[in-house]
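Residue numbers (the numbering used here), protein chains in the order written: chain A, 1 to 158; chain S, 1 to 104.
Just so you know, the hints here were simulated from the structure itself, not pulled from any lab data.
Note that beta-carbon positions come from the ideal geometry of N, C-alpha and C, so glycine has one too.
Honestly, I wouldn't trust all of these hints.
Stated by the list, open to error - Restraint-style ranges between C-beta atoms, simulated for each label pair:
#, chain 1, residue 1, chain 2, residue 2, range
1, S, Ser-88, A, Asp-90, 40 to 50 Å
2, S, Asp-83, A, Thr-60, 16 to 26 Å
3, S, Val-49, A, Pro-59, 24 to 34 Å
4, S, Lys-102, A, Lys-139, 17 to 27 Å
5, A, Lys-66, S, Lys-77, 38 to 48 Å
6, S, Lys-35, A, Asn-77, 42 to 52 Å
7, A, Gly-91, S, Lys-102, 28 to 38 Å
8, S, Lys-10, A, Glu-62, 14 to 24 Å
9, A, Ala-103, S, Thr-100, 15 to 25 Å
10, A, Asn-77, S, Asn-33, 33 to 43 Å
11, A, Gly-57, S, Lys-81, 15 to 25 Å
12, A, Glu-62, S, Thr-100, 25 to 35 Å
Claimed, not checked - Covered stretches of chain S, going by a simulated chain A footprint (3 or more residues, C-beta under 8 Å):
#, stretch
13, 61-67
14, 76-86
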Amino acid sequence: MKHDQKRRLFLKGSVAASTVGLAVGAGLLTPATVLAAWNQKAFQAKEIDKAIAAAAGNPTSEPSDKITIKAPDIAENGAVVPVSVVADIDGVDTIALLVEKNATPMSAIFHLPAGTLPDVSTRVKMGKTGDVIAVVKAKGKLYSARKGVKVTIGGCGG
Amino acid sequence: MAKTIKIRAKVKDGVTTVKSLITHPMETGLRKNKKTGEVIPAHFIQEVVCKHNGKVVLTCEWGASISKNPYLAFKFKGGKKGDAIELSWKDNKGQSDSITAKIR
Numbered sequence: 001m002k003h004d005q006k007r008r009l010f011l012k013g014s015v016a017a018s019t020v021g022l023a024v025g026a027g028l029l030t031p032a033t034v035l036a037a038w039n040q041k042a043f044q045a046k047e048i049d050k051a052i053a054a055a056a057g058n059p060t061s062e063p064s065d066k067i068t069i070k071a072p073d074i075a076e077n078g079a080v081v082p083v084s085v086v087a088d089i090d091g092v093d094t095i096a097l098l099v100e101k102n103a104t105p106m107s108a109i110f111h112l113p114a115g116t117l118p119d120v121s122t123r124v125k126m127g128k129t130g131d132v133i134a135v136v137k138a139k140g141k142l143y144s145a146r147k148g149v150k151v152t153i154g155g156c157g158g
Numbered sequence: 001m002a003k004t005i006k007i008r009a010k011v012k013d014g015v016t017t018v019k020s021l022i023t024h025p026m027e028t029g030l031r032k033n034k035k036t037g038e039v040i041p042a043h044f045i046q047e048v049v050c051k052h053n054g055k056v057v058l059t060c061e062w063g064a065s066i067s068k069n070p071y072l073a074f075k076f077k078g079g080k081k082g083d084a085i086e087l088s089w090k091d092n093k094g095q096s097d098s099i100t101a102k103i104r
């Protein structure tokens, strides 16, 4: 069956494949001139631990009730799920936001200079029901929290 | 020039809250054009920088899983009415935009 599938995919996809190749080339492989800083490793990691390690230096974090994640219990539209993260912790310099069940969980990394409050909000795409995870880095230590969101219509489009 | 960004910055009790809405497709690169079957290439904002009177108050690295027409809100200490807030973004195709607004 695998062989059949491969043949079908090859025949069907030889045009599509090259398009995908182009798309990948243009889209995911960032030309060095655009943004040396963009953390490609973190955003392309398929496992949560690897994504966090790439973003924050360490995959391990201490669950903390000082982090409040506001997100709906039920998201009617997985394409637009409002999330806000507030951390009642001193010295926060980084907040990473991940969507557990997305193919590449890392959604956003916020870098906060001194004076900026650990209080950020945005909207994320969620492919299916799962947790939104916030990892907060403060004075070299990592803290995390998670909140479950039920997704009725998945947010990754066609 | 600043046509893709709406921004509002307000100061209260020594804290400035910045809210912004950016027009951008935030394509993941995983969707297919239903008519042609071709993959729609990834096109998403990778970096957002916000400055207050020229000093960076937030840098964001975003992935394609940030929603289309992304919303961003955050707070920083300080700021007063009339101060300049500048927000700019850059995407994976090298496109960018920025806007400057005054704190109200």
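Could you check the hint for me, namely that Lys-66(A) and Lys-77(S) are 38 to 48 Å apart, CB to CB? Distance hint for Lys-66(A), Lys-77(S) is violated at roughly 19 Å.
Item checked: Outcome of range test on Cβ distance (Val-49(S), Pro-59(A); 24 to 34 Å) -> holds, 27 Å
| Is 16 to 26 Å a correct range for the gap between the Cβ atoms of Asp-83(S) and Thr-60(A)? | violated, 40 Å
Just to make sure I understand the rule, a stretch counts as covered if three or more of its residues have a C-beta closer than 8 Å to a C-beta of the chain. Does the stretch 61-67 of chain S meet that for chain A?
holds (count 7)
Asn-33(S) and Asn-77(A) - C-beta distance against the hinted 33 to 43 Å | violated, 21 Å
**Asked** Does the Cβ distance between Ala-103(A) and Thr-100(S) fall inside 15 to 25 Å?
**Response** Since Ala-103(A) and Thr-100(S) have Cβ atoms about 37 Å apart, the given range 15 to 25 Å is violated.
>> Just to be sure I understand the hint, the distance between the Cβ atoms of Lys-35(S) and Asn-77(A) should be within 42 to 52 Å; is that true here?
In response: At 23 Å between Cβs, range violated.
Practice item. Return holds or violated for the Cβ distance of Gly-57(A) and Lys-81(S) against the range 15 to 25 Å. Key: violated, 39 Å
### Query
Do the beta carbons of Glu-62(A) and Thr-100(S) sit within 25 to 35 Å of each other?
violated, 40 Å
| request: Quick one: see if chain A covers the stretch 76-86 of chain S, three-plus residues with Cβ-Cβ under 8 Å. | output: Since three or more residues must qualify, the claim that chain A covers the stretch 76-86 of chain S holds, with 3 doing so at under 8 Å.
Supplied distance hint 17 to 27 Å, evaluated on CB atoms of Lys-102(S) and Lys-139(A): violated, 34 Å
- For the range 28 to 38 Å, tell me whether the beta carbons of Gly-91(A) and Lys-102(S) fit it or not. Once the Cβ atoms are compared, 30 Å apart, the range 28 to 38 Å for Lys-102(S) and Gly-91(A) holds.
Comparing the model with each earlier hint shows violations of hints 1, 2, 4, 5, 6, 8, 9, 10, 11 and 12; every other hint is respected.
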